[in-house]
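> Residues per chain, in single letters:
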Amino acid sequence: EDQVTQSPEALRLQEGESSSLNCSYTVSGLRGLFWYRQDPGKGPEFLFTLYSAGEEKEKERLKATLTKKESFLHITAPKPEDSATYLCAVQAIDTDKLIFGTGTRLQVFP
Amino acid sequence: NAGVMQNPRHLVRRRGQEARLRCSPMKGHSHVYWYRQLPEEGLKFMVYLQKENIIDESGMPKERFSAEFPKEGPSILRIQQVVRGDSAAYFCASSPSGTALLKLFFGSGTQLSVL
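These protein sequence lines map, in sequence, to chains A and B.
For what it's worth, this note's numbering labels the leading residue of the first sequence as 1, then goes sequentially.
For what it's worth, this note's numbering labels the leading residue of the second sequence as 1, then goes sequentially.
Each hint should be verified, as a subset may be incorrect.
[What the hints assert, rightly or not] With a straight-line cut-off of 25 Å between C-alpha atoms, the simulated PhoX-like cross-links for lysine-lysine are:
| no. | chain 1 | residue 1 | chain 2 | residue 2 |
| --- | --- | --- | --- | --- |
| 1 | B | Lys51 | B | Lys103 |
| 2 | A | Lys57 | B | Lys103 |
| 3 | B | Lys44 | A | Lys68 |
| 4 | A | Lys42 | B | Lys27 |
| 5 | B | Lys71 | B | Lys103 |
| 6 | B | Lys44 | B | Lys103 |
| 7 | A | Lys59 | A | Lys69 |
| 8 | B | Lys71 | A | Lys69 |
| 9 | A | Lys42 | A | Lys68 |
| 10 | A | Lys59 | A | Lys42 |
| 11 | A | Lys59 | B | Lys51 |
| 12 | A | Lys63 | A | Lys79 |
| 13 | B | Lys51 | B | Lys62 |
| 14 | B | Lys44 | A | Lys42 |
| 15 | A | Lys79 | A | Lys68 |
| 16 | B | Lys27 | B | Lys62 |
| 17 | B | Lys103 | A | Lys42 |
| 18 | B | Lys27 | B | Lys103 |
| 19 | B | Lys27 | B | Lys51 |
| 20 | B | Lys103 | A | Lys68 |
| 21 | A | Lys57 | A | Lys68 |
| 22 | B | Lys71 | B | Lys51 |
| 23 | A | Lys42 | A | Lys63 |
| 24 | A | Lys79 | A | Lys59 |
| 25 | A | Lys69 | A | Lys42 |
| 26 | B | Lys103 | A | Lys69 |
| 27 | B | Lys44 | B | Lys62 |
| 28 | B | Lys103 | A | Lys63 |
FYI, nobody ran anything at the bench for these hints, they're computed from the structure.
A quick note: this is a predicted structure, and the numbers were derived from the prediction, not measured.
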């Protein structure tokens, strides 16, 4: 069964304190791995898609990387506005749906 | 260019009533997905629809739940005879057609509360 596990469940950082979020996945064949950001009371907002092991993508203070078993979302020098829940999802080959993890709730304090 | 629109944002129902949740996809998108989110849980897939067709309903409970996406108008998720366990945030997402790789755009959700 396709599965996504995210860790840690919650992360508290001081502003400027870099860290990484982990997403481990089990899937029959990976078509794509996705990172979303979700703010309270809102729907998930798309951040990145990664297709193959070794791939990296960056956006502002965020960088996503992918291996055959996991993905990392690296946050460099975070700011309070980066506080949100970060969701990881996978799409398996020959399927038309995303399987989501439970997310990492990030809080960045000034 | 409006995003995915869901209404209502909040819906309160008493046990046994019906709940109807609406979703208008982004302009040009013909694929609609419904997900349910409970506190401390991830987004759970419910159903995937294209215009006038249900493609995958493997995540939707067999009883009381139904979904449609008519040729004209929004997609509707209907929950009959609601129970307290149906209380959750329901998110709709849309994607354009013709791509094997999904890139879902989500609405802001409908928070259903069952009293």
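> Each hint should be assessed against the structure and marked as holding or not.
Each hint tested on the structure:
Among the hinted pairs, Lys51 (chain B) with Lys103 (chain B) is consistent with the structure: their alpha-carbon atoms are about 18 Å apart, no more than 25 Å. At roughly 16 Å between alpha-carbon atoms, Lys57 (chain A) and Lys103 (chain B) fall within 25 Å of each other, so this suggested pair holds. With a C-alpha separation of about 24 Å, the suggested pair Lys44 (chain B) and Lys68 (chain A) falls inside the 25 Å cut-off, and the hint holds. Using a Cα cut-off of 25 Å, the hinted pair Lys42 (chain A) and Lys27 (chain B) holds, with the two alpha carbons roughly 20 Å apart.
A C-alpha spacing of about 23 Å is found between Lys71 (chain B) and Lys103 (chain B), which places the hinted pair at or below 25 Å, so the restraint holds. Between Lys44 (chain B) and Lys103 (chain B) the alpha-carbon distance is near 16 Å, which keeps this suggested pair within the 25 Å criterion. Between the alpha carbons of Lys59 (chain A) and Lys69 (chain A) the distance comes to roughly 22 Å, so the proposed pair stays at or under 25 Å and holds. Restraint check: the Cα-Cα separation between Lys71 (chain B) and Lys69 (chain A) comes to about 41 Å, which exceeds 25 Å; the hinted pair is violated.
Between the alpha carbons of Lys42 (chain A) and Lys68 (chain A) the distance comes to roughly 31 Å, so the proposed pair goes past 25 Å and is violated. Between the alpha carbons of Lys59 (chain A) and Lys42 (chain A) the distance comes to roughly 21 Å, so the proposed pair stays at or under 25 Å and holds. The hinted pair formed by Lys59 (chain A) and Lys51 (chain B) fails the criterion: a straight-line CA distance of about 34 Å is larger than 25 Å. For the hint linking Lys63 (chain A) to Lys79 (chain A), the alpha-carbon distance of about 15 Å falls within 25 Å, and the restraint holds.
Under the criterion of a C-alpha separation no larger than 25 Å, the hint pairing Lys51 (chain B) with Lys62 (chain B) is consistent with the structure, at around 21 Å. Taking the CA atoms of Lys44 (chain B) and Lys42 (chain A), the gap is near 16 Å; set against the 25 Å cutoff, the hint holds. Between Lys79 (chain A) and Lys68 (chain A) the alpha-carbon distance is near 30 Å, which puts this suggested pair outside the 25 Å criterion. A threshold of 25 Å between alpha carbons decides the hint, and for Lys27 (chain B) with Lys62 (chain B) the separation of about 31 Å lies outside it, so the pair is violated.
Restraint check for Lys103 (chain B) and Lys42 (chain A): satisfied, since their Cα atoms lie roughly 17 Å apart, inside the 25 Å limit. Note on Lys27 (chain B) and Lys103 (chain B): the hinted pairing holds, with a Cα-Cα distance of about 15 Å set against a maximum of 25 Å. The straight-line distance between the Cα atoms of Lys27 (chain B) and Lys51 (chain B) is roughly 13 Å, inside the 25 Å bound, and the hint therefore holds. For the proposed pair Lys103 (chain B) and Lys68 (chain A), the alpha carbon gap of about 21 Å is at most 25 Å, so the pair holds.
Between Lys57 (chain A) and Lys68 (chain A) the alpha-carbon distance is near 16 Å, which keeps this suggested pair within the 25 Å criterion. For the given pair, Lys71 (chain B) sits about 6 Å from Lys51 (chain B) by alpha-carbon distance, which is consistent with the 25 Å threshold. Of the supplied pair hints, the one linking Lys42 (chain A) and Lys63 (chain A) holds, its CA atoms being roughly 23 Å apart against a limit of 25 Å. For the suggested pair Lys79 (chain A) and Lys59 (chain A), the alpha carbons sit about 14 Å apart, so the restraint of at most 25 Å is met.
Restraint check: the Cα-Cα separation between Lys69 (chain A) and Lys42 (chain A) comes to about 29 Å, which exceeds 25 Å; the hinted pair is violated. Annotation: proposed proximity of Lys103 (chain B) to Lys69 (chain A) holds, straight-line Cα distance about 21 Å (limit 25 Å). Restraint check for Lys44 (chain B) and Lys62 (chain B): the C-alpha separation of about 15 Å stays at or below 25 Å, so the hint holds. Proximity of Lys103 (chain B) to Lys63 (chain A) is assessed by CA-CA distance (about 18 Å); at most 25 Å being required, the pair is judged to hold.
Hints 8, 9, 11, 15, 16, 25, counting from the list given before, are not met by this structure.
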